[in-house]
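Q: So the sequence lines, in the order shown, correspond to chains A and B. Our numbering puts the first sequence at residues 12 to 408. Our numbering puts the second sequence at residues 344 to 563.
Treat the hints as calculated values from the structure; they're not laboratory data. Treat the numbers as computed from the prediction; the structure is a model and nothing was measured. Take these hints with a grain of salt, some might be off.
Claimed, not checked - The calculated label-pair distances, taken between Cβ atoms and stated as ranges, are:
1) B:A552 x A:D266: 36 to 44 Å
2) A:R377 x B:A528: 51 to 59 Å
3) B:N427 x A:D285: 50 to 58 Å
4) B:L509 x A:E277: 34 to 42 Å
5) A:H298 x B:A561: 33 to 41 Å
6) B:G510 x A:A143: 31 to 39 Å
7) A:I13 x B:D447: 28 to 36 Å
What the hints assert, rightly or not - Covered, in the sense of this in silico footprint (three residues per stretch, anywhere, with C-beta under 8 Å from a C-beta of chain A), are these stretches of chain B:
8) 352–363
9) 381–390
10) 491–500
For glycine and all other residues, C-beta sits at the position ideal for the given N, C-alpha and C.
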Amino acid sequence: MIAIDDYRRVAPPGAIDMLLRLAERVRGRRLLHVSGGRFGGGPAEILHTLVPMMADLGVDAAWEITGGDPGFYATAAALRAALDGAERVLTDEALDHYVEMNRVNAKKIALDADLVLVHDVLPATLVEHRGAQGRWVWRCHFDSSHAQRRAWTFLRPYVNQFDAAVFSLPKFGRRLGIPKYIIAPSIDPLSEKNRDLTAREVTTILRGLGVSQDRPILLQVAPFTAAEDPLGVVNAYRLVRKHYHVRLVLAGTGDADRESRETLAELREAASHDPDITVLELPPDAHVQINALQRAATIVLQKSVHEGFGLGAAEAMWKGKPVVGGVAGGLTQQIVYDVTGYTVHSVEGAAFRLRHLLNNPELIARMGAAGREHVRRSFLVTRHLTDYMALLIHLTR
Amino acid sequence: MTTPAPFQFIGCVELRQALDHRARDERELLDRLEDVPAGSVFYHTHGYFLRHRPITTAYGNDFAAWAAVQVRDQVLAERLAVINPFEMASLEDLREELMSAVHDHLLRLSTIPRVEFGEAFHFQQSHIVEVPLGPAVSTLAELRAGLAEVDASAIYFHMVEARARLGRRSGDFAEWIRTSLQLPALAERIERIDTYMTSLERVRARVLALVDGALEEASA
């Protein structure tokens, strides 16, 4: 089991002592996380790290989840997609059922805590059942700025019953009647996805995936959807290939929806004509494989045209890789232009920056090192935990 | 002889809060600058030094960084970057100075520079959570030992936050050295350290160098 002291060798100097002192200040106060599930998605992934770390620090922290029938999950998923800007049909009956299921959840979950952090959409309407004690915060992990009107009109009255909301970036929030705090998400440097791997481990894993390391590897790890623009990545690679003998690896988790299947089929078609393109459809728990791919890569792409925070960039930078990313979501926060990589607006821009880096290998090393330090200061779970403790102290004074 | 009052290092965590003010062009920046709370002016100027890391390009404050990176208006960026927040007597004076720079710049232009492909400026403010760090110190040698090890946020708290937002104009190190250790010459030298356009680690190194000099003088 990983202990808080294990983070001393990866966190910035003084960060763990700061956490220990913050923990002393919140001793005796109870923090409760409520999410829609324990698996799948970034919020659950990071709670698996954050909650045990809090316990190790002596903080009284708990994590509860809501449950329901298939209709509950389907409506919450549609509502979440609509809040993220997608067009969805939301009927009054389905929304009533979603609210009703959370009324049942409220009876099953002990919701008494000094600070209740409710993550994302599934448990959001639990706030109706809050008691007089304790402070309630809605932790929104997605970009709500382009929410469909119907979805936001439905959710806003619930959100305004919280004492505060937390967004990952200022631009992800909307006008609310409550304070909006900003806490960026984070990566766990000691997790399977980010822990150090030996060169032999990397080679073994890549061999198992059928990826040769005989040439520089350009890598994008992302879902096979238009938002992540994997076809744009292929086109950028084709422009680069005229000048450099490189491999392109596109790795991601395939979804069952039509868009994902069509994109994957197009990528496979492109790969069938070019042996230097590898498309890897990985299972959701392929963390160590992604880790090895990122470590083996020469340059990592995150050429999204629509993105949430997009922590894939931070993961790659933590492994000392320069990142060429799209101007979308949190990528502009993570990629410091010309320092840790480049943000680009087009396929041609991506190709230009890839060639620029391949032509100047010393830049790859320098930007990789700068990226790792940038992530150490700003996107590790230790900083995330520090922010949550500060929030607990600030709201429960 | 009385025992000097001990010095307690205080680190800090900045809890950021988004405000419902944003600007997509320089006219909006001017208008919003007039409206936002003084805490927001502080966050985007003095607070820049808590967040700024030496790996990033130095613009001196968030407004100048936005003008340069998002609007691509290097002229306004230069005008805003040279405004030293540590030279202003109050946050309202600083706000006036920033607004004057934007206003004068716009007077010379026929069109308002705006964000075309970049991001809007989102105004924020912060709440500082104070965290006592390490045992309190009572001598200059103990202060030196603590200063070398303490989290960088303590340098920010004692050298920037104390002066600009808490009204302790000398900064906490200089004040304690003057009043508790009775070393006015050293206090004055520390007070003169320029905290503008540098990193917290560089400020730490400068204070340590001055303290080392005083310790050597005392031992000689």
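Q: Each of the hints needs a verdict: does it hold here or not?
A: These are the hints, each one checked on the structure:
no.	hint	result
1	B:A552 x A:D266: 36 to 44 Å	violated (58 Å)
2	A:R377 x B:A528: 51 to 59 Å	violated (43 Å)
3	B:N427 x A:D285: 50 to 58 Å	holds (56 Å)
4	B:L509 x A:E277: 34 to 42 Å	violated (59 Å)
5	A:H298 x B:A561: 33 to 41 Å	violated (56 Å)
6	B:G510 x A:A143: 31 to 39 Å	holds (37 Å)
7	A:I13 x B:D447: 28 to 36 Å	violated (55 Å)
8	352–363	holds (count 8)
9	381–390	violated (count 0)
10	491–500	holds (count 5)
In this structure, the hints that do not hold are numbers 1, 2, 4, 5, 7 and 9, in rising order.
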